[in-house]
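Residue numbers (this note's numbering), protein chains in the order written: chain L, 1 to 403; chain X, 1 to 385; chain R, 1 to 248; chain S, 1 to 231; chain V, 1 to 532.
Be a bit skeptical, because a hint or two may be false.
Claimed, not checked - Which residues of chain X face chain L? A partial, calculated answer using Cβ under 8 Å:
no., residue
1, HIS44
2, PRO46
3, TYR326
4, ALA333
Hints in this document: simulated from the structure, not taken from any laboratory. Using N, Cα and C, we set each Cβ at its ideal position, and we do this for glycine too.
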Amino acid sequence: QETIKVGVLHSLSGTMAISETTLKDTVLFMVQEQNAKGGVLGKKLEAVVVDPASNWPLFAEKARELIEKEKVAVVFGCWTSVSRKSVLPVFKELNSILFYPVQYEGEESERNVFYTGAAPNQQAIPAVDYLMENEGVKRWVLAGTDYVYPRTTNKILEAYLKSKGVAAEDIMINYTPFGHSDWQTIVADIKKFGSAGKKTAVVSTINGDANVPFYKELGNQGIKATDIPVVAFSVGEEELAGIDTKPLVGHLAAWNYFQSVDTPENEEFIKKWRGYIKNDKRVTNDPMEATVIGFEMWVKAVEKAGTTEPDKVIPALIGVSVPNLSGGFSTMMPNHHITKPVLIGEIKDDGQFDIVEQTPGLIVAEEWSPYLEGSKDLIADWRSPLNCGNFNVKTGKCGGAGQ
Amino acid sequence: MSTSETRPPALLTTSGLVFLGVLGAAVVLVPALNLLTAPDSALHVPTYVVSLLGKYLTYALLALSVDLIWGYVGILSLGHGAFFALGGYAMGMYLMRQIGPRGVYGDPVLPDFMVFLNWKELPWFWYGFDLFPFAALMVLLAPGILALVFGWFAFRSRVTGVYLSIITQAMTFALLLAFFRNDMGFGGNNGLTDFKDILGFNIQADGTRVVLFVLSAVALGLGYVLCRFLVRSHFGKVLVAIRDAETRVRFTGYRAENYKLVAFVVSAMLAGIAGALYVPQVGIINPSEFSPANSIEIIVWVAVGGRGTLVGAALGAVLVNYAKTYFTSGLLAPYWLFMLGGLFVAVTLFLPKGIVGTFYDWRARRRASDDIPGAEPAAAPKPAE
Amino acid sequence: MTEALLYLNAVTVTFDGFRALNELSFTVDPGEMRAIIGPNGAGKTTMMDVITGKTRPDKGDVFFNGGTTDLTRLDETEIATLGIGRKFQKPTVFESHTVLDNLRLALKGQRSALPNIFRRETAAERECIDAIFETIRLTEHRDRLGGALSHGQKQWLEIGMLLAQDPKLLLVDEPVAGMTDAETAQTAELLREINANGHSVVVVEHDMTFVRDLGVRVMCLHEGSVLAEGTLDQVSANERVIEVYLGR
Amino acid sequence: MLEVDDINLFYGAAQALRGVSLTAEPGKVTCVLGRNGVGKTSLMRAIVGQAPVAKGAIRFNGEDITAMAPSERARRGIAFVPQGREIFPLLTVAENLETGFAPVRRADRFIPDDVFSLFPVLDSMMRRRGGDLSGGQQQQLAIGRALTMRPKVLVLDEPTEGIQPSIIKDIGNAIRYLRSKGDMAIVLVEQYFDFARELADHFIVMERGAVVLSGDGAALEDPDVRNRIAV
Amino acid sequence: MLLALAVLSAAALSAAALAGRAEAQDVGGALAQLATNKYDDTEAALSVLALSGDPAAVGIVSALAEGRLVFGGTPPRVFIQGEGGALLDPLTRQPVADAPAVKPVRVNNRVRRAIEAASGALSLVSPDPAKRLEAAQAVGRSRDVAALPALDAVLAKETDPKVKSALALARASIVIGQAGVSEADRIAAIEVVGAQGNQDALALLRSVPADASPAVKDAAAAAIAGIERNLALWGAAQNVWYGLSLGSVLLLAAIGLAITFGVMGVINMAHGEMVMLGAYTTFVVQELIRTHNPGLFDWSLIIAIPLAFLFTGLIGVIIERTVIRFLYGRALETLLATWGISLILQQAIRTLFGPTNREVGAPSWMSGSFEIGQLSITYGRLWIIVFALLVFVALLAVLRLTRIGLEMRAVTQNRRMAASMGIRTNWVDAMTFGLGSGIAGMAGVALSQIDNVSPNLGQSYIIDSFLVVVFGGVGNLWGTLVGAMSLGVANKLLEPYAGAVLGKIALLVIVILFIQKRPRGLFALKGRSIEA
Ligand SMILES: Nc1ncnc2c1ncn2[C@@H]1O[C@H](COP(=O)(O)OP(=O)(O)OP(=O)(O)O)[C@@H](O)[C@H]1O
Ligand SMILES: Nc1ncnc2c1ncn2[C@@H]1O[C@H](COP(=O)(O)OP(=O)(O)OP(=O)(O)O)[C@@H](O)[C@H]1O
Ligand SMILES: NC(N)=O
Ligand SMILES: [Mg+2]
Ligand SMILES: [Mg+2]
């Protein structure tokens with residue numbers, strides 16, 4: 001029997017395997033679920049898994065292999081922005097579809113890519129607002145790994161904080177290399193910065209492997225959440241699974257989903273997921289939810305279009321709305337990003353998050369940040385007649401700010 | 001018996017001829033089967049295979065450059081990826097400038113990543129990269145000058161063996177960290193990507209890909225002939241002598257450091273050319289090319305193919321990368337590291353001189369007389385330390 | 001004094017406080033052959049190390065070419081280029097080069113890197129190598145690798161390489177160690193011949209028969225300085241030499 | 001005691017020994033003579049196990065040791081003074097000597113006085129690194145190291161190479177002394193003919209990997225022997 | 001403000017002997033507020049409880065802090081969850097009859113701070129001096145003017161000198177920045193605060209109002225200058241300490257490599273994976289302890305150290321026997337083989353334990369920190385330094401003083417000759433590689449305390465390890481020690497100026513330049529045998 005192939009492009013080895021393997025399993029799980037429901041368009045789905053091995057050029061090679069050789073109808077994949085940047089030209093050239101499930105720096109909207117993770121305004125800004133309002137934070141440490149996502153996010157945050165009247169000397173920005181493991185000095189600096197009499201918080205865009213030693217050092221140096229809370233954008237349940245969270249209780253994270261979300265949908269999802277993965281301790285996290293949303297949107301769009309033909313599915317995706325796991329519906333917007341609620345969680349001693357705040361409604365992604373000089377006039381709308389990812393509202397032209 | 005007029009070794013040995021023959025055949029066949037056959041024909045070579053092969057060939061050239069200094073001079077560079085990456089960046093910068101106003105922000109001059117970091121003007125080191133000849137020159141000069149400066153210091157100070165290896169590793173690691181920084185002006189971790197065209201040709205067109213493939217093959221062929229020419233010259237013999245007994249070479253009156261420096265710079269430039277051909281074919285260059293693990297992998301390719309055989313280095317690069325491509329797909333994908341790791345262990349144990357090296361040994365043994373004089377090579381080349 | 005080819009003046013070398021050479025002074029005249037004997041550890045090899053630039057003296061001068069060149073300021077390569085060739089005590093040849101290539105590499109001629117890329121062997125060079133092969137009797141081993149030779153064969157190859165270098169001054173450290181008596185005699189003959197052709201030679205050896213065969217001035221080192229100097233008979237009659245070196 | 005019976009040895013495809021036989025007995029010195037490259041060192045290597053033989057047998061006290069690891073042969077009492085000394089360069093002189101303790105009973109783990117009385121220079125250099133010694137000092141150290149093993153068979157490959165005349169005499173005396181104790185078999189490779197002639201109880205002469213002459217010490221006076229060794 | 005009220009009332013209570021009058025009504029209201037499970041209500045209830053002086057209040061607040069305060073039923077009521085989950089009445093502490101389904105009252109950072117303040121206020125009059133001390137510090141931190149009269153009242157009564165000085169400091173902290181304080185009073189406060197000499201004091205001194213008299217300003221400026229000088233010194237010392245602690249991590253990571261690479265000459269690319277295996281051994285040990293005997297948890301690392309040594313040592317022996325032993329004399333081929341082995345080990349761990357981080361907890365004796373002057377020292381780091389030095393000394397002793405150490409060195413210098421000396425080279429080789437691997441495994445136990453326990457753990461140390469061994473001088477254990485420590489300290493001294501990224505780049509460049517000066521590392525082996 002003929003099948004519809006679904007490509008899975010997540011690193012199963014190398015540095016990113018730690019995060020991406022789960023997403024591969026999520027896609028396989030969704031495929032199995034969908035097949036149990038009878039597949040799509042009367043055909044069974046078949047997942048094609050490849051391992052781009054945390055190697056960026058290999059991502060491009062594997063993307064090409066999936067599309068050209070395996071003839072997959074859609075690809076779920078990538079985590080780091082550079083891997084996405086690496087495969088972008090391939091998806092454009094071969095006109096296929098990529099679902100990208102991770103929070104990222106924005107500044108991008110492509111016809112062939114659907115972004116189901118958060119743009120900066122769907123994560124960072126609500127988190128800062130929460131800290132200002134609820135913790136009375138006046139002084140800010142923006143600590144990040146030295147690459148494009150943290151840099152962009154911090155740029156946006158810096159502009160935002162200043163617009164809220166925060167003085168320049170009350171913002172400390174610090175970057176560290178990937179995999180940084182000796183945090184003694186920086187944590188001490190944070191402590192020092194925080195002892196100036198004003199309530200201080202840390203906004204962490206520290207990514208990947210560096211987080212565990214960072215949190216361990218926080219715990220060691222006794223920085224408690226009641227003194228200097230840390231809010232992170234890249235630390236979820238999966239990352240916490242590797243840390244003893246008792247000293248970290250009260251530190252925060254901002255996501256669009258937490259495993260502790262108290263909804264029947266989520267409960268059901270967790271149950272099935274654990275059954276699928278055969279591990280009743282296995283956690284869930286935000287990029288998983290984003291993957292699930294993306295998958296369901298694709299299925300819906302394919303059914304709507306009646307074909308897997310990208311040229312038909314891409315327009316069909318806009319406006320598709322599926323239930324998310326936090327009790328609402330997420331909708332694919334014309335900018336190829338989705339609407340999301342923002343949740344703020346405090347770390348609990350069991351490695352889960354206690355949701356302390358949830359935005360009342362869903363937030364629409366600002367793929368082009370209004371806080372950045374080069375992009376504040378840009379919008380993306382992939383519907384006719386605009387059909388443009390970087391439309392300049394000032395000049396009224398597609399193609400950025402130029403001439 | 002009374003004259004030393006033994007013929008100098010031929011520029012092209014049998015295996016060299018076979019190697020160039022295979023390359024030549026590929027240059028003719030692959031484009032023909034890609035462009036001239038129908039996509040559904042059994043003979044059709046899909047474009048992605050062309051790009052893949054092109055990529056392997058640039059790796060082969062890179063491996064060749066490493067074999068020149070490792071196999072023949074005993075310099076184990078654990079940072080050769082840096083030269084490859086520099087060549088790649090030089091080409092990448094040219095390709096970025098070619099994008100012109102087609103970037104997402106539509107800035108006619110500044111690449112996207114600069115716009116979005118709020119840069120107001122092009123940094124000086126980006127000047128000139130809009131011109132291909134300049135970029136092509138930089139493909140050679142950037143790695144060449146780095147190698148010259150680094151080698152000049154290191155070889156004059158007589159840094160050898162693992163000490164040299166480790167500082168080459170430190171060099172590439174420092175460059176990795178530096179290029180990672182957005183402030184460096186090379187696009188940070190995202191690197192340079194989303195290229196549009198090269199010399200006015202659409203970089204994604206089948207024709208362009210085929211031409212890039214052919215260029216890679218030609219570069220590899222020429223690189224091979226150049227390396228052969230070097231190693232069989234008197235110069236090359238001094239290189240091997242340096243590998244075996246550097247002090248003795250100095251006492252014989254040769255300036256060992258100059259010989260090493262020439263070889264190192266030539267090798268770095270070859271690596272730079274490989275990088276420059278690699279970037280348009282894979283479509284991205286980012287700092288991970290500087291990662292020490294990448295450089296170690298190059299060494300592994302050379303060792304698998306056979307150190308000090310040139311052909312082996314190229315073969316090893318293609319084989320290992322093909323294995324990688326093959327193992328990372330399909331059912332084996334989650335276990336491919338077992339396969340690859342196992343392959344490396346097996347090669348060291350069962351093919352101690354690499355594939356080609358072991359083949360040469362076997363052939364030599366078959367030809368060898370069983371008498372003592374005129375016997376076969378028995379002493380393995382001494383390791384570099 | 002300015003006539004001397006090689007002139008060591010009060011050279012002292014210490015290793016972690018141990019004096020291997022102690023105010024050693026002597027001269028070698030152009031065209032002279034000099035034999036050096038002395039107990040194990042007297043500093044003979046160290047002396048050669050100093051002359052060839054391998055070891056820097058703590059103190060003292062080493063002049064070459066009648067005092068025009070201070071060797072202590074030069075490195076090994078420069079010293080070799082001046083025309084000082086050396087055979088090492090432990091034979092060192094290029095192990096993965098053939099015997100023939102070992103000689104080719106040693107052969108006097110172009111030493112710079114770039115020109116050597118395009119260098120071709122001349123007929124004269126070829127003849128020269130053939131002649132050396134005759135002398136060292138390794139012709140039938142010419143295509144074997146240096147590393148596959150026996151100990152004695154390597155000794156001969158190293159002598160051949162020294163000949164190929166055609167230096168003004170040859171420093172020969174224990175050339176006949178591991179040779180048969182007949183070969184020893186031959187080597188002495190060979191060195192005399194070389195010396196007769198105008199080369200200066202300094203030989204270190206423990207084999208008294210060989211030293212006698214050389215028939216040249218002998219110098220005995222002890223604890224880093226000259227203990228006795230003269231003909232072999234004079235030196236070997238010296239009580240101290242007998243006591244520390246020859247034995248009774 | 002030690003019997004080498006008709007052995008062949010190859011380096012790769014090149015044959016270095018062809019049907020070589022030799023015996024060594026306690027209290028006797030067996031000399032191996034021959035020109036450069038005839039296979040003397042190869043024969044010694046075969047005896048101590050550093051090179052595998054392709055054919056034939058090596059027996060020690062009746063036990064077949066042909067396939068035995070070098071360390072086991074050493075533990076049975078075969079000590080080796082190799083050509084080229086092979087000192088452990090980074091170990092001190094004392095430590096170099098102590099490496100010889102491996103086959104020795106715990107109670108005997110001291111350096112025999114013989115070593116220092118034969119080579120007094122070693123005593124004064126105990127803390128220096130072996131690799132820093134002069135060539136001749138290293139040779140003395142190599143012999144001392146072998147004696148530390150209290151061997152039953154002592155295999156000496158050109159032990160006088162690079163040694164000053166007075167010590168050569170001492171080594172000669174030492175070998176005579178060891179022979180006189182009567183419990184040690186000595187195999188001696190020597191180019192220095194007079195030295196060999198004075199010591200040999202038995203000898204063999206090799207050419208191109210094969211034994212061409214053999215006999216007892218007295219037969220060494222035969223001019224034929226000298227001819228064989230001459231070039 | 002809340003705190004000030006609490007303190008005020010507590011002080012008033014103790015002073016006016018109002019303790020007997022239970023304000024049951026207030027407490028009842030507070031309990032009702034708690035039962036709504038809203039942060040604002042909880043916070044309000046806490047301030048009421050702090051004021052109430054009800055003996056039950058302390059129990060309720062601490063139950064909330066420990067997550068044992070639960071609510072449920074209709075209308076919702078709160079209970080305290082006792083031992084074994086029985087629900088107790090919060091006031092009477094008697095078991096309730098018809099226990100409804102309950103959930104814990106939620107707590108966030110704001111509530112946590114309120115809890116701290118409330119229990120601080122409640123314990124300012126606590127009979128336990130330690131509690132009073134904490135309370136005084138909490139009040140000081142609040143810097144709330146309203147607390148001043150209460151503070152004065154308690155201060156007059158306090159007899160414990162420690163608590164008294166803490167109270168005095170708290171008072172000074174409040175006075176110093178407050179308007180309308182007499183000049184003398186403020187200068188006295190500046191003195192008290194200035195004597196603290198720490199970062200907090202600096203912040204307080206800087207808050208002297210701009211309109212204060214010149215004398216006050218001078219006093220403050222002098223105190224600030226003094227503290228800054230003092231802090232600069234301590235800061236340098238702190239950086240050196242960080243450097244030593246980073247150095248000890250580098251030492252641990254590198255020391256096994258100093259054997260397999262430094263002594264044996266194997267370019268051991270699988271070294272990092274041995275460290276990783278050690279870390280996973282720790283994880284497994286802790287898992288077993290957690291499931292079988294949680295009481296032993298504090299011993300888990302002590303138990304893991306020998307196990308990790310044996311386990312990774314055994315893996316090392318297996319690798320040596322099956323692969324490495326065929327490669328002696330071919331140093332460069334070992335790179336290829338061990339690279340392959342490292343890939344296999346990584347993937348094996350990934351397959352067995354999954355790709356994600358595993359949790360390794362810290363025993364209590366490794367948690368927390370103490371201060372020497374202005375130097376803050378964390379126990380975890382301290383123990384790691386101690387452990388690294390112990391391992392170093394032990395290894396040095398094995399190599400220098402034991403028979404096997406001598407044999408190891410002999411074998412690696414000349415394998416063939418060592419065999420002819422009767423040394424069982426196979427055995428020695430296996431032991432040496434096993435020793436190096438085992439030590440790497442022990443390092444993994446320590447590193448599991450500060451880094452990710454993931455399949456990638458090893459990769460992150462391999463470059464640094466080689467750098468340290470080579471920088472120190474291959475084959476010299478002292479070199480590895482000094483190399484690790486100097487790289488650690490240099491890194492930490494550079495970091496404050498250049499930042500973490502540029503600092504690291506600068507360090508790499510320094511190493512490259514240093515090697516030009518000393519081409520064989522810091523502790524180069526010298527002598528003829530090396531130069532040959
Ligand atoms: N690098 C060094 N470190 C310490 N001692 C050294 C070093 N090099 C040489 N020596 C010592 O210096 C002395 C002189 O050594 P040298 O090799 O010059 O002697 P030699 O005269 O050549 O002896 P031989 O006849 O045995 O070859 C010896 O005692 C030796 O141990
Ligand atoms: N490792 C080796 N590989 C190949 N051939 C070798 C090797 N070692 C020795 N041979 C060859 O084997 C033959 C015998 O060598 P061997 O060392 O036994 O000679 P020898 O009699 O000890 O000579 P010498 O007196 O010069 O020490 C020689 O022709 C030599 O070239
Ligand atoms: N997009 C990220 N998180 O790299
Ligand atoms: Mg000497
Ligand atoms: Mg021999």
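Quick rundown of the hints versus the structure:
no., hint, in the structure
1, HIS44, "violated, 12 Å"
2, PRO46, "holds, 6 Å"
3, TYR326, "violated, 11 Å"
4, ALA333, "holds, 4 Å"
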